[in-house]
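Residue numbers (numbering that gives the first Met the number 0): 0 to 282.
Source of the hints: derived by calculation from the structure; they are not laboratory data.
Check each hint, because a few of them may be wrong.
Here are the simulated DSS-like pairs of lysine-lysine, each with C-alpha atoms no more than 30 Å apart in a straight line [said to hold, decoys possible]: (1) K169 x K51; (2) K98 x K176; (3) K169 x K243; (4) K243 x K115; (5) K243 x K121; (6) K243 x K266; (7) K266 x K115.
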Amino acid sequence: MSEPTLNARFTHAQRRVVGELMPHLADQLLLDTSNQRTLAFALEELEAIQQKAHEAIRHAANGIVRNSLRHIIDATTKAIENSEGIGVISSSERLYQFKITLMDWEPLIWRRIQVKNSTLDKFHEHIQSAMGWTNSHLHQFEIDGERYGDPEILDDGFADFHCVDSTVTKISAIVPKDGSRFGFIYQYDFGDNWVHEVVFEGCLCTDPGQRYPLCLEGESACPPEDIGGVWGYAEFLEVIGDPKHEQHQEFLEWRGPFAPEEFDAGKTTKLMRRGLPDWRQSL
């Protein structure tokens with residue numbers, strides 16, 4: 000069986016730089032032609048080009064060559080990623096599947112959702128809608144020891160404050176390129192401290208007859224906002240479940256009827272597609 004080839008697109012200037020790095024590829028690089036060209040390489044060739052470009056960028060003669068080397072690295076990286084793992088699915092047809100579980104609570108409150116690639120800020124909205132929150136408080140992600148959020152909102156005034164900008168970071172940038180399972184934390188409402196485990200379960204192709212985002216399944220209702228975290232929620236359920244409790248009527252008037260086991264994937268999908276208002280608009 001012949002070795003599969005991968006495509007990478009280079010300008011004439013970039014092809015000349017590759018030719019200087021790897022003269023034996025001169026015939027493949029079509030150096031006598033101008034404009035951008037999409038060329039076919041073996042995986043080993045692309046990996047070698049990428050490595051040579053990384054080594055050469057530190058010793059580039061000028062900014063033009065350095066810029067060409069950066070583009071070469073980007074092009075080879077993209078081609079290699081598209082040859083395996085989630086890259087085998089076209090980015091326009093790629094779905095990301097996640098399971099979100101509220102931590103420190105039983106029976107489990109969880110959702111399984113499918114979303115297209117987006118910023119983590121948009122993914123935050125999908126989590127909010129899927130779980131049943133109202134986007135009324137601050138949030139952040141904790142991924143591989145890094146804090147992700149909107150710097151303008153999370154900046155707490157400390158000189159050493161740092162977070163990765165979730166308004167520009169894409170889902171595709173944080174999940175494993177090989178498509179393997181990967182977990183991280185989503186925290187909502189720093190007062191009540193609702194902590195969620197988010198597990199990336201893999202990628203699959205979109206269904207042409209389906210709209211997205213989509214909630215596939217889940218269990219249990221979302222706790223009410225501003226209830227006091229898991230301890231407050233436990234007290235709330237105890238009070239509304241006991242008609243003789245002195246605060247029973249007060250809690251019902253505040254929240255209304257509440258069924259902790261209630262969940263509907265179809266209704267949740269509609270909420271996810273409708274989206275959420277920006278909580279800052281109410282300030």
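Verify the proposed pairing of K169 with K51, using a straight-line Cα cut of 30 Å. 28 Å, holds
Given the hinted pair K243 and K115, is their Cα-Cα distance within 30 Å? Violated: K243 and K115 sit about 48 Å apart, past 30 Å.
Hey, K169 versus K243, does the alpha-carbon distance stay inside 30 Å? 51 Å, violated
Restraint status (C-alpha distance of K266 to K115 at most 30 Å): At roughly 19 Å apart (the allowed maximum being 30 Å), K115 and K266 satisfy the hint.
Keeping to a limit of 30 Å between CA atoms, is the pair of K243 and K121 held or broken? Measuring from Cα to Cα gives roughly 44 Å; hence the hint is violated.
Given the hint that K98 pairs with K176, test it: the Cα-Cα distance must not exceed 30 Å. OK: K98 and K176 at ~18 Å, within 30 Å.
Taking only the CA atoms, is the gap from K243 to K266 under or equal to 30 Å? 33 Å, violated
The earlier numbered hints that this structure contradicts are 3, 4, 5, 6.
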